[in-house]
Amino acid sequence: MKAIKLLVLVPFIGYLGFLPWANTIEPYVLGMPFFLFWLLLWMVLSPVLIGIVYVLDPDNKK
Amino acid sequence: MNLPLIIIAFFLLLALYLGIRSSRGRDMDMEQWTVGGRGFGTFIVFFLIAGEVYTTFTLLGGSGWAYSRGAAAYYVPAYIFLAYILSYWLAPKIWTYCKEHKLISQPDFFASKYNSTALGVLAAIVGCIALVPYVVIQFRGLGIIVSQSSYGSISPGWASAIGAIVVTIYVMVSGIHGSAWTSIMKDFLIVLVVLFLGIYIPMHYFGGIRPLFDSIEAAKPELLTLSQEGFSPSWFISTVLFNAIGFYIMPTSFMVILSAKNERNLRKNAITLPIYTIMLLFIFFIGFSAITIIPGLEGADGDLALLKIAIKTFDPWVIGIIGAAGLLTALVPTSVMLMSTAAGLTQNVYKVIFPKSTDKTLLIVSKLLILCMSSIAVYFAVKGGEAMAILNIMSYSLIIQMAPSLFFSFMKKNRMTKQGVITGILAGEATVLYMTLSGTTLKQLLPDFPAWVTDINSSFLALLLNVLVMIAVSIFTHKQSMDAGGRVTVSS
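Chains as they are written, first to last, in numbering that gives the first Met the number 0: chain S, 0 to 61; chain X, 0 to 491.
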């Protein structure tokens, strides 16, 4: 179950790994250029992901 | 004395009152003064860690970078939210080890982990050299914000000096408790100011966020994405990784981690803090708005974008509140910087020279060091100086050289020896010094390589050399100590 903490790396790979692809103005999302939206998306997704890790992490139960 | 200055003075006195009041009813020993007796809950730790991020640099520099360099500025929230995520794994490990060994500063950690007094001394000195320029920046930023937002009724020098006196007094009296109380006030005020400005200014001048970006796309579309060379994706990715890795190696971050009551508080904050980083986007909206509303700010004047557009838009009483928020963004981080540096030097330099010092003596020495560092920082903030400017450029690169030894120390079988770690750090520091002072870049070192290679943050070269030297020396010294039949100084 310690492997659950590896999920912490997902935002690193997701945000930075696809950054060159996301480096574009169009399409606008929520009024923002796509490159800025890409940052906002991962800033919102990350707490959700870490929240899941927190719930599943056995260290927080014992 | 005009209305904005009266408002700023009110918040300054309130910060001083809260800072001093926070120590009431506490028996201040070294552990209580530096890490709050390791008793802070999730709420206080949240504000202290967040307080480390919302500095004068973030307020002025964040909007300034958006104004002058556009999308390149996104590296700031990107590395901060990734560092917070990394803290889910890293912060509890640091906290547990330091609690078990009763450690109160970052240099203590290295001295204990690698069983090396010399490494503790090195970490304390590196921390001091790297953090004092940061304090200078905070005092200088404080001076600019207060002077500008009071319409020039007080000079930046006097504003810096008065702010420094206040923060020095409450840190000496209350330690981290003063930082905690003032950080709560600061964050409520900064949230109010940043959200208000970040929403109102685009609405007022453009009618919304989308029209704001439409106007930039029409005028300067290159600011909305990263360029193919220079501030390119490879520069962005390497800079974000470099800063994210280094965030929790800072003596200030270390000290805040150690003040937590338990590991769970730190993990909870790893969930909530990335959301708080979204606030930085509103600072960018202000900087982006200034591109078409306040055109023509060149060079360092770009950092005044936020204040210039606010002064153009609002009545003096609003500017006073913005100035007060700016003042607090300088005081809170500075207080933790001064304290963490003083604690590191006291525990790892003074105590090495005078090993029989009592806890009470160490506390007095720490307070005197704060007075000394604060005075030096004010001098350089007011007078300027080439040495501080150079140190400021490389301070983050200097301190991040401690990162590899931190990460190796948490491996199940750490093969790095104290000799390897010290030699690696010195090799990394020497590389940073050489590259900064000589102005050497990767582009000069690798002229035939493509842009995606030469755009990589050149500080990675120092980090790479650090790790290679550390491994090579560790293999040699590990083998030597095994041959001699002595105790292997490998920590796990």
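Careful, some of the hints might be misleading.
With the C-beta cut set under 8 Å, the calculated list includes, among others, these residues of chain X facing chain S [claimed, not checked]: (1) Tyr-73; (2) Met-202; (3) Gly-206; (4) Thr-224; (5) Pro-273; (6) Thr-276; (7) Met-278.
In case anyone wonders, no lab produced these hints; they're calculated from the structure. Cβ atoms here follow ideal geometry from the backbone N, Cα and C, with glycine treated the same way.
> Which of the listed hints are not met by the structure?
Replying inline: As far as the earlier hints go, 2, 3, 7 are violated by this structure, in ascending order.
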